[in-house]
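In case you want the letters, here they are:
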Amino acid sequence: MSDHDTVSIQEHIRVYLTVFGALAVLTVTTVLASYLDISTSEAIFLALVIASVKGSLVAGYFMHLISEKATITWILMMTALFFFVLMFLPLMSITDQVNI
Amino acid sequence: MEIPYIVDEREDTGLINSKLGIWIFLASEVMLFGGLFSAYVFLRMAAPPGDFAHWGAELNVPLATLNTLVLITSSVTMVMSWASLKLKDFEKYKIYMALTLLCAAIFLVVKYFEYTAKFHHDIFPSSSTFMAIYFTLTGLHGLHIIGGMIVITYLWMPFGNKIWHTNPEHFTNRVEVIGLYWHFVDLVWIFLFPVLYLI
Amino acid sequence: MMVMRWQLAYPETVIPFLGYLFGEAGIMLPEQYNSLGAMHGTIMIFLGVVPLAVGAFGNYVVPLQIGAPDMAFPKLNAASYWSYFVGGVIMVASFFMPEGAARSGWTSYPPLSIFESGQTMWLIGMVFLITSSLLGSMNFITTIIQLRAPGLTWMRLPIFVWAQFVSSFLLVLAFPPLEAAAILQLMDRIASTSFFMPSGLVYAGAPVDVSGYGSPLLWQHLFWFLAHPEVYVLILPAMGIVGEILANNTRKPIWGYKSIVFALVILGFLSFIVWAHHMFLTGMGQVMSSFFQTTTMIISIPSVIILTAYFMSLWGGSIRFNTPMLFALAFLPMFGIGGLTGLPLGLAAADIYLHDTYYVIGHFHYVVAPGTLFALFAGIYYWFPKITGRKMNEALGKLHFWPSLIFMNGVFMPMFIQGLAGVSRRLYDGGEMYAHASDVLQWNEFMSISAFCLGAAQIPFIINFFMSIFVGEKADRNPWKSTTVEWAAPSPPIGHGNFDTKIIVHREAYEYGVPDAKNDFTPQTEET
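Residue numbers (my numbering), protein chains in the order written: chain U, 1 to 100; chain Z, 1001 to 1199; chain Y, 2001 to 2528.
Simulated from the structure, these hints should not be mistaken for lab results. Be a bit skeptical, because a hint or two may be false.
[Unchecked claim] With the C-beta cut set under 8 Å, the calculated list includes, among others, these residues of chain U facing chain Z:
id, residue
1, 9
2, 13
3, 23
4, 30
5, 32
6, 34
7, 43
8, 62
9, 82
10, 94
All figures in this text were calculated on a predicted structure; none of them were measured in a lab. All C-beta atoms in this analysis are idealised placements derived from N, C-alpha and C, irrespective of residue type, glycine included.
Based on the sequences and whatever the hints tell you, model everything.
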C-alpha cells in the first residue's frame, strides 16, 4: 500500500467511518434481537449471523483483507478449514457414542 | 548482506516480511481461540439443557454492550492513526494512538467492575462450567488487550517512534502490523460478546 | 531412561550409582517411575527432537539452502530460543520441587492429571515450549516464502526445505489448541473449575467438590488435535534430511521429486483429521470410528509414496557408503517397520486388543528412535563440515553406526512381542504382577541390556564430535560434491549474511549424473 496518494487515503477514511457506523448499529441490533421471543436455536443462529457480518466487516475493511495478496488469503483459508475441523469433529463424539 | 523485503515488497508475493509474519501469527491465534470456542460448544452440548443460558443470565449485558462499542471505537482510531501516518500527519497519529490507548483502558476498567461484581455475588470460575469458560475466555482476551496496550504505548513513546524520522515507511509498517493485531483482538470480542452474553 | 530400563529389568532392587536419588534405600517408588515415564516422553519430544530437528537443523540449514542471509526475523528467533530455554528450565526444575515432576504420562489425561501433584509446573513449562515453537514456525514460514534466492522457485526447493515448511504449518495450526487445553487444565488445577471434571466423581473414597458437567474427553480431543500432527512434525524433517543425503550419495537425481513434495503436503493436510484413532477406546460410536480409521489408512499412502520414492532412488545409483549415508539407509527399513506396525493400531478392531500395550510403545519408538534419531545423526554427520569446516572421522562414525543399529533393534523389537502378549505400558514393575505377562517377562532384561549397550555405543559419537571440531580433516566448501545451495557458502558460513557471493539459482535441486554435464554434479547456482 506504499504508493497510495492522499486522495485514496481520504477515500479509505470515509470507508472506515461508514464501517464504524455499521458496526455500532449491528451491535445495538444484536442486543435488541436477544430480547426477541424466539426459540434458543433461532436466537443462536441470529446472533452468530450478526457476529459474522461484523467480523467480516472488521477483517475486510479494517484489516484490508478484501484487497489482500493471494498468499495471505490462502493461509487464512487453510486456517479456516482446520478451524472448522476443530469445531465440529469433536462434537460428533457427543452425538455418536456407544451407550453401555 | 541485509535481510531483504523489510520495507520493500517482494515481487512475486507482493508482501513485506512483517505483514506475512503477523498474519501467520493471527492464524495461530485463530486456532488458539478456536480451541476454546470448540471447548465452549462441546461443554454446552454436554451440559444439561438450559444450564449455560441460566448462568449466562447472570452477566451484565448493558456493560458488555458499552464495552463492545468502546472496543469498536478503538479499532477505528487505530486504523485512523495508520491513515494519518500515510498522510504524513504525525501529530494526528499521536492523538489517534492516545485515543486507542484510552479506549483500551476504559475497556479494562469496565471489565474490572464486571469481574468484582461477580465476586461480590460469590460467583467464581468454579461456580459452574459456564462461569469457568466465561472467565477463561474473557481473561485470555483481556491479556491480549494488555499485550496490545504495551506495544501501542511503545510505538507512541518518543523512543519507540524515533524511527519515523529516519525511515517513515518502516514505522508506518509497524503501526499497520500492530493495527492488524488490534483489529483481530476486536474481532475476537465481536464473537465473544454474543456467545457469552446473549445466547 | 537408563534408570527406567534398570527398574523394568530388575524391579524392587537398588538402582546402581544413582540410588541415592530414589525412595528408600535406593529402591524406586511407583510414583517415581511414573514421573520418569511422563518426563521421558515430554523431554524427548518437546525438549529433544522438536528443537533439534526443527529448531536447530531448520534454523541452520533452511536459510542456507534457500540462499538467504538469515532468518526473516532474527529477534523473533532469539525470543523463540529463550522461551524454549525457560520452558526447559521449568521442566527440569520440576524434578527438584517438593511436589515432584508430573506423573500423569506425557498425555496428561484428566481427571488423573488434575489430582496428581507436579502437573502445574508441567503445564507452565508447556506454555513456554509451545510459545517457542509457534514463534519459530512463523519465522520459518515467512523465511521460506519471502527470502528464497532469485530463481529458486517452489519446485526447485530442496526436499528438506519443503519438509520444514510443512511441519512449520503443522506447528502453527495444531499447537494453539493444546495451548488452549493447557490453559483449561491449569484453570482446573488452580481455580478448581471443572472443564475436564465429570459430575459425580469420587476420588480417594470421597466425592470431589466441583461443579461438574465437564468432560475428560474434551482434553483428549484437544490434546490429540496437536499430538497427532506433532508426530509428523517429528518425522517430516527426518524424511527431508534423508532425502538430501540419499540424492547426494547415490549420485543421481532423487526419484519422483514432485511426488515426494505433493506427498509431504498431503501428509500435512491429512494429519489434522486422523487424531481420534488414539481414542478408539473412549466409547465413540461407529461413525466416528469408521471415519478416523479410514483417514488413518489413507494417510499411510503418502508415507508409502515417500518411502518408495527413496527406495527407487537407490536403484542404479553409484552409492557411496559413508557414515551419513549409512544412517540414512538404516532410516528406510527402520521407519518402514515403525510405519507398518502402526496400521493395526489404526484399525478400531485391532486397536481394542493392542491399545496401551507395549506394542504401541514399540511402534512409536521405531518411528522416532531408529527413524527420526538416525536421520538426525545422518544430518549431523552430513552438515558437520558446513558448520565447523572440518569433517567427522569415518572410522569412528562406522563404529557408532553398526552397534547403534543392532542395539536399537534389541531395545525395541521385543516390545512388539511383549505387546502382542498383552503386557500393558506404564507398569512400574514391567508387568511382574500379571500372570499373562510371565511368558514374555524375560525380554525385559534383554531389552535393558540392549539399552545400556546402546548408550555405550554413543561414546564413539561423542568422542568423534568433539575431537573433529578441533582436529578433523579440513573440508572445503563442498566436501560431498553436492548440488544444493548451502554448499556454495564458505565452510563455516560467514557470520552476517552466510554467503560471500550473490546467489542466483539456475536449476532444479538434484542434478547429479546429468549426461554431457561437466561433472557428475551440477550445483544449483551454476549458470547454464
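Structure-based check of each hint:
For residue 9 of chain U, the interface hint holds, the least distance from its beta-carbon to any beta-carbon of chain Z being 5 Å, beneath 8 Å. Given hint, residue 13 of chain U at the interface with chain Z, holds; its Cβ is 5 Å from that chain's nearest Cβ, closer than 8 Å. Residue-level restraint check for residue 23 of chain U holds (minimum Cβ-Cβ distance to chain Z is 5 Å; threshold 8 Å). Interface restraint check: residue 30 of chain U against chain Z, minimum CB-CB distance 6 Å, threshold 8 Å, status holds.
A cut of 8 Å between beta carbons decides the hint on residue 32 of chain U: the least distance to chain Z is about 10 Å, and the hint is violated. Against a cut-off of 8 Å between C-beta atoms, the interface hint on residue 34 of chain U holds, since the closest Cβ of chain Z lies about 4 Å away. Because the closest C-beta pair between residue 43 of chain U and chain Z is about 6 Å apart, less than 8 Å, the hint holds. With a cut of 8 Å, the hint placing residue 62 of chain U at the interface with chain Z holds, because the nearest CB-to-CB distance is about 4 Å.
About 7 Å separates the beta-carbon of residue 82 of chain U from the nearest beta-carbon of chain Z, less than 8 Å, and the hint is met. Against a cut-off of 8 Å between C-beta atoms, the interface hint on residue 94 of chain U holds, since the closest Cβ of chain Z lies about 5 Å away.
In this structure, only the earlier hint numbered 5 is contradicted, and the remaining ones agree with it.
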